[in-house]
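Modelling step: build the complete structure from the supplied sequences, incorporating the hints.
Heads up: the protein sequence lines correspond to chains A and B, in order. Counted from 1, the first sequence has number 742 at position 440 by my numbering; the numbering is strictly sequential. Counted from 1, the second sequence has number 1269 at position 967 by my numbering; the numbering is strictly sequential.
The hints are simulated quantities; they were obtained by calculation from the structure and are not laboratory data. Given the structure is predicted, the values throughout are model-derived calculations rather than measurements. Treat each hint with caution, since some may be false.
Note that the list lumps identical chains together, so a pair holds whenever it fits in one copy or between two copies.
Claimed, not checked - Here are the simulated DSS-like pairs of lysine-lysine, each with C-alpha atoms no more than 30 Å apart in a straight line: (1) K1153 x K941; (2) K890 x K837; (3) K518 x K1153; (4) K1146 x K933; (5) K463 x K1153; (6) K633 x K1146; (7) K930 x K1146; (8) K516 x K1146; (9) K1146 x K640; (10) K399 x K933; (11) K854 x K890; (12) K944 x K389; (13) K1031 x K633; (14) K580 x K1153; (15) K944 x K518; (16) K521 x K944; (17) K399 x K944; (18) K837 x K854; (19) K971 x K891; (20) K1153 x K389.
2 protein chains.
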Amino acid sequence: LWQRLGQQTKNGKTLCKGLALCCWWPPDHRPLLCVVVSPAAERLRYILGDEDDAPTPTLFTEMDTLQHEGGELEWRESARWVKFEEKVEEGGERWSKPHVSTLSLHSLFELRTCLQTGSILLDLEGYSLPQIVDEVVERQVEDGLLAPELREKVVFVLLRKHRHQTKKPIHRSLADIGKSSSTSECLSVCVSTYHSQSRSMNDISDAPSTDQLKNKFMKKIPRDAEASNVLVGEVDFLEKPFVAFVRLAQATTLGGLTEVPVPTRFLFVLLGPQGKSKSYNEIGRAIATLMVDDLFSDVAYKARDREDLIAGIDEFLDEVIVLPPGEWDPKIRIEPPKKVPSADMRKSVFSLNELGQMNGTAGGGGGSTRTEGESLDGRFCGGLFLDIKRKLPWLLSDFYDAFHIQSISAVLFIYLGCITNAITFGGLLGDATDNYQGVMESFLGTALAGVVFCCFGGQPLIILINAQPDNGVIDYMELRLWIGLHSCFQCLVLVATDASYIIKYITRFTEEGFSSLISFIFISDAIKKMAGSFKYYPINRGYNPDYVTMYKCDCQAPTQESLSDLPVVSTDGSKLNGTALDWSQLSKKECLKYGGSLVGNSCKYVPDLALMSFILFFGTYSMTITLKKFKFSRYFPTKLRKLISDFSIFMSIMTFVGLDMLMGLQTPKLIVPTEFKPTRSGRGWIVKPFGKNPWWMYLASFVPALLVTILIFMDQQISAVIVNRKENKLKKGCGYHLDLFWVGILMATCSFLGLPWYVAATVISIAHIDSLKMESESSAPGEQPQFLGVREQRLTGILVFVLTGVSIFLAPVLQFIPMPVLYGVFLYMGVASLGGIQFWDRIKLFLMPLKHQPDFTYLRHVPLRKVHLFTLVQIICLAVLWILKSTVAAIVFPVMILGLMVVRKMLDLVFSQHDLAWLDDILPEKDKKKKEDEKKKKDRKKSKGQDDDSNEEVRKMSLCTLIHVERIVYSCYYGHSANTTQ
Amino acid sequence: LWQRLGQQTKNGKTLCKGLALCCWWPPDHRPLLCVVVSPAAERLRYILGDEDDAPTPTLFTEMDTLQHEGGELEWRESARWVKFEEKVEEGGERWSKPHVSTLSLHSLFELRTCLQTGSILLDLEGYSLPQIVDEVVERQVEDGLLAPELREKVVFVLLRKHRHQTKKPIHRSLADIGKSSSTSECLSVCVSTYHSQSRSMNDISDAPSTDQLKNKFMKKIPRDAEASNVLVGEVDFLEKPFVAFVRLAQATTLGGLTEVPVPTRFLFVLLGPQGKSKSYNEIGRAIATLMVDDLFSDVAYKARDREDLIAGIDEFLDEVIVLPPGEWDPKIRIEPPKKVPSADMRKSVFSLNELGQMNGTAGGGGGSTRTEGESLDGRFCGGLFLDIKRKLPWLLSDFYDAFHIQSISAVLFIYLGCITNAITFGGLLGDATDNYQGVMESFLGTALAGVVFCCFGGQPLIILINAQPDNGVIDYMELRLWIGLHSCFQCLVLVATDASYIIKYITRFTEEGFSSLISFIFISDAIKKMAGSFKYYPINRGYNPDYVTMYKCDCQAPTQESLSDLPVVSTDGSKLNGTALDWSQLSKKECLKYGGSLVGNSCKYVPDLALMSFILFFGTYSMTITLKKFKFSRYFPTKLRKLISDFSIFMSIMTFVGLDMLMGLQTPKLIVPTEFKPTRSGRGWIVKPFGKNPWWMYLASFVPALLVTILIFMDQQISAVIVNRKENKLKKGCGYHLDLFWVGILMATCSFLGLPWYVAATVISIAHIDSLKMESESSAPGEQPQFLGVREQRLTGILVFVLTGVSIFLAPVLQFIPMPVLYGVFLYMGVASLGGIQFWDRIKLFLMPLKHQPDFTYLRHVPLRKVHLFTLVQIICLAVLWILKSTVAAIVFPVMILGLMVVRKMLDLVFSQHDLAWLDDILPEKDKKKKEDEKKKKDRKKSKGQDDDSNEEVRKMSLCTLIHVERIVYSCYYGHSANTTQ
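Here is the structure:
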């Protein structure tokens, strides 16, 4: 037969004709396992090739070993598998952590032998364990494998009762301690095992026992699962192993055989002579591991005969991963990996229409990216209509998707962020506009714009906040109205002309640059504000407790002359004569108001407040960071940990508000307006468009409006790109045109009402997304939870802004919140939004020695110095933008963001497209050429199999190729750079 | 031949006689790999069995693959192995992290076939690569494996130049960026590769090239290493693979073949037809992995023929660890494990005198434990003499072992701890003794006792600090002297009677209970002291910055009557009349001194200092914790990180001292005495023994002395046990008797000098040990550094105390250190000494859900509820001790520590010896029985092979059995409990 095999393989090459193992090297370059594999693959292709079959159920495998407990025989559960192995720790009376089953090659070969020699009963009609056992033993006797006189004994052993390892609530097991605290060691063992393990006495009953039904482990097993039972043990009466593999025609619940009430489909029995229990155990583990293997379980379900099963093992062996004995300790339990290769991939080798399918699955399910649906329509307002068409079907789910406890924490978090922003911004604005627009306007505007945008916007996860304030000169409100109207018109033009296609040019480079910049601004603002309290509440550094008697601050009455000059005193009706005042009783403010002067060495100092503010600020920040990480700690159940992590910000704020109340110091508090009226008395809610400025103003305001439009447009679109980025796995698509449409409309509305303008806020939107991330509840023990996406809905946003609107009524509650706590939250937001940015990871690389650098895929493909160069360019760009932003020409800032895109374009000259594909995205101009290259590459890859981890990247690049190069509104900016490059 | 094999195995059982794979199940229950393994093991036993051979050199393996670069052929390094695999990341031009080589079963079988069919040239006389290549090709032609006309081509290919992946300093590679920044992609690649990879043009030269010599990787390769080179590639002219395995008679440097100047011993060549390069690569990886396997490399060195090599592969396959394809992704690079099974263990299977040897290695090298050398001598002062005998040989090394930068940080750290302790303790003591003993005495005593103990003590790693103060009544100093003398005498009696053997009864239970208690005291003291500053510097909570004018504190002159009553004013010579004083100019202290009263609402408040103290305290603590962990971060080179970690306390102190100086606030500072004189003026340095107290006092002081002795004894011995515990891997042995001897002597000395008494300080001693821990520099890339032990020497201790002594002169420097910073250090010490205590780990278990609990070995063997019960008992004991300590009967505290040992004894009733062996140690009474049990167990284990991770524990228990039950001085305490149990 050996020779025959050798002759059959005419087109292959048999490398050896040696005596023992002979390897066959077929021409398709995949050398197969020696001896039997080629027919194995052929067999499997036959039984698995039919794709129309319904998928086979998931298998739960339990392995029981035979134990001699006090002279009595019983089967005791020793391990179980859903996907990974869990072992019973004998002494500890507990389940081990789920781990990857490490097998020995031995046991697999032994198992193979067992299946070759033992009884294989496929599609046995079985309804109870005794009947099945009888049939199996009968078959063995018939085949001459078992002496008839041993029949009884084998049946007796196989029908012994099964004892399972069940988890018990801790209060019950603590109660047991008292009972088991007896002197005798044996007794204590007996008592404890009796209590901690359930015995299923009635193996014959078909109904599941209460212990089975109460078992919480059932939750971890898929609904349609079936069980496979592995029974191994050594007995004294056998001289050679008794092996049987049974597949039942129908899955049947066999009484207390399985720990959970799952019907049994497969049964593997190995009884053998004494002295080899360890070896039997290993064989049992091997078959159990095989049974939970996706491919082999398919084979087991569909096998027609013994040879099919053997072929299944051979195919398994063919794919097995081998660790050298000198480099790995087999005692180490390997933690389940984050991701395992999909079973479909492995099965596809045996199906006929493999490649077509493969591509189908690889292309789909990638989640929405910014380029989805971004093929230009060409019609007037085409993009806008497409956006509406895309978002409409989700309208209902946009509300009911919000029902989850996570939403509450998200609302609280974002709400606090928004009002902090509204307050601080409102204060600044009030100063800048002489209170024409103040905190009240800021609140009202945030609420109005937010609610409208979250209800109707394209991407309701975006949070709008105030755009930068600008200082007016002439009649501020009227001019502002006209600028707003012009900007609104310009925005609508941009919408109508589908200008948002510019986002194609916003690659990771621009995206990360912009968002890092905004994060830095957040961080620096928070720190600046904090530092401000050291200025506002100066500390008396030279204070000596002993000289407490020397520190005072007196209000001194002004001299008579200066007093008469002061109009303040006279305008105030009540006190006409300065001398009538008791100056020493006046407070600091009153004293200054009435023209007194403060004399003394403690006047300019405020004790404790600065340091207390610092403690509140830093405490809130670090507690939030710590609690956020608590999800990954070992303490407390997963759900509680997740809750703590979700509510980390809320809990930190509460803690430090509490601390602040406890200390009772007058730290600056969050004060919201309590009355509903414009901040400046004397102006109504509506701004009239005409009357106060010369007519040419109405036209000339077009020019400043253009700058505003550019800023709004860039700010809005880059934030939207960041929110929509692929990593967030958004499913409901984007709506750039719709977003811009509403921003424009709101601009006009706000201008009429004299409210600030609103635009997407990068950092708060990222925080919003982060607080709504969903993870899969892990199913099989040991499987890692997967990031599923974001709770995309409109409700959290709407609630945040409704709350902002009604904050006026919440003033009594909000006034307890110290501002430093909120600055701490700001700092956290800034720092958190830096996390997960590749740019930031790359900056860290500068500080890491080569060998400690994490295994980022781009580091495998791009030389480190190129990576560093790319990062350096980004850093320089950011530095330039930062300087621009904070010094002279803040007004050209929006144009400079466009500049970022120009720089990116120029990088094409320095870096190869290969490097850029790893570090950034490819710009659309290069697409056609790339597309072809990609195609070629892909073809080559197809033939080579799936050997790269670049799948993701390739898909990304191929999605880029979908975008057609189009004329865009801002081509003037971009064309400039395009010229320089060609 | 198949049948023959089947017939040969008469005593075994061949389970199958199937056509292909046939497994042989020998009676020694170890089923061996099918087909060839039985003879394989026999062969290996023959060639490896001879134990007299010198050990074979370590192998460094390099794999080069054939590349077609621009039409030119060259060999390019693609991976290397010292112990683990490092791959060249082609795109990234870098080495991957070292990882475990995951092979496919395929490639191993293919390799096997290759070795079966290819040319095997063993002990070839080779001096240069061309000559070797010629011989190999000649052999192939002779054997008819290679057509003669291909000879030239093969030689040509094999002599192509080799290009290695060498690491380049970052500045050079950054400099390259400029050069490689050209437009053309191709050009940039060419330039970059030219620069980043060294070409060894001169393969023929025998001298190592400069690139080779400059290669820093050489450091990672053991000195005596030899190289094995693997060359694989595909060529277009071959129709079947060209395989050769060469072993040179002498290891020879073959020019630029290897990246490092290591002589080559083995050469594996695989050239094959085109289209299968991936498969060739895998085969190359397989042989490379085999070559670095300890067992196979031995086989390769000693193989007599082809069959030996094949046997080696089969044996390798036999031991291989298999991961199922559905549970593991082969793309994941597995990090090297912390520990791999030792090669000796694996080899021992083939040596004749295996078991004897095994035991020898397992028993040795365990490091000193507390029981080492503790077999009772029986003679007068026997223990003391043994201690001296044991410590004497180390005397010299006790000094030169200290020369390491780590010692500096240890000295600084412990010094700061000691003086903080001396200061705070000195202050307390001064108050308690009416300044008979104050800060000065505390400093001096610490210095004296420390230097003496570190110079002559048995365990110089122990740090002595002040024992608890006790309040005297009558003439304090003289009584104290007598108590001290009595105690000294009692201590010497304890030394002479070898009472220190009581430490046998100090199990982990007592040890951990005591050290946790001391840690808690440290932590609570630090927090109390910190809280004290809120009391000492009260914060004015109602402070309103606006009412700054209302806050004042005036010194008011006393009324005339009360003035005349005051003696203070009149005793002060200068100012006789109270009215002459300008009361408003007096400071707080002066005001009170002259009888004035402070009036005002700011008198009792001190601004900022409390909060600033808190910031300093908490900042120091958290910065130390953070920096300590920095060792495990990815940033900066390992050495720098280690330095930062070692100096973390110093750096935190410096930082916060700097911050304090920057703020310029009058926080409480560390003030050391600057003059060398007793704190209380009027007492000399020597206390006279007679004269001030009645004579019976001299005898009666025996009773309080007994309590002191118990305290000192327990404190000293438990601390010593903790310092000497096995986990610290001390090598120079312990010296309990010697320690106690010096403590006694110092007690008398200190009493004569009027200094406080000194005893071992648990927490500071642990800190001392922690700051002196050594780790191995990892050798092979990927190997984890191992904890080697502690720098055992006397120098750091001596330096600490010498520095303490000269602190008087350091006062100008020390006065900048704020006390809160030192309290932060105290807090850190307390928290750090809790880490690594099993008790503490077990407390944490209460908070962890079952599935998140770490995989502690005792959890595998003891039911969780027993573990919890044990922990609960410990917690209750601690709580009782804590209450005792802090309330009524602080005086019985030392006796209560003995109580801890009684409780432990009673635990024998509740817990089984099996559980206690895992959770604690076994008490000596049970030893004899245990010993036999152990022996039985061990025998069983021996026969079963090495399947337990309890080796360590077993060794521990067997060491326990060395101790013989003996009468001890404190049997009165212990006998009590012994009675209750029987």
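Results of checking the hints against the structure:
1. K1153 x K941: Answer is between; shortest inter-copy Cα gap is 13 Å, intra-copy 37 Å.
2. K890 x K837: The answer is both: 18 Å in one copy and 29 Å across copies each meet 30 Å.
3. K518 x K1153: between (45 Å within a copy, 14 Å between copies)
4. K1146 x K933: Close inside one copy (24 Å) and across copies (16 Å); limit 30 Å.
5. K463 x K1153: Classified as between: cross-chain Cα gap 28 Å, same-chain 56 Å, threshold 30 Å.
6. K633 x K1146: between (36 Å within a copy, 25 Å between copies)
7. K930 x K1146: Classified as both; 21 Å inside a copy, 20 Å across copies.
8. K516 x K1146: Between. Shortest inter-copy distance 29 Å satisfies the 30 Å Cα cut-off; intra-copy 51 Å does not.
9. K1146 x K640: both (24 Å within a copy, 27 Å between copies)
10. K399 x K933: both (19 Å within a copy, 29 Å between copies)
11. K854 x K890: This pair counts as both: shortest intra-copy Cα distance 12 Å, inter-copy 14 Å.
12. K944 x K389: Within one copy only: 27 Å inside, 39 Å across.
13. K1031 x K633: between (39 Å within a copy, 24 Å between copies)
14. K580 x K1153: between (41 Å within a copy, 27 Å between copies)
15. K944 x K518: within (21 Å within a copy, 47 Å between copies)
16. K521 x K944: within (19 Å within a copy, 47 Å between copies)
17. K399 x K944: within (21 Å within a copy, 33 Å between copies)
18. K837 x K854: both (20 Å within a copy, 23 Å between copies)
19. K971 x K891: within (19 Å within a copy, 37 Å between copies)
20. K1153 x K389: between (36 Å within a copy, 13 Å between copies)
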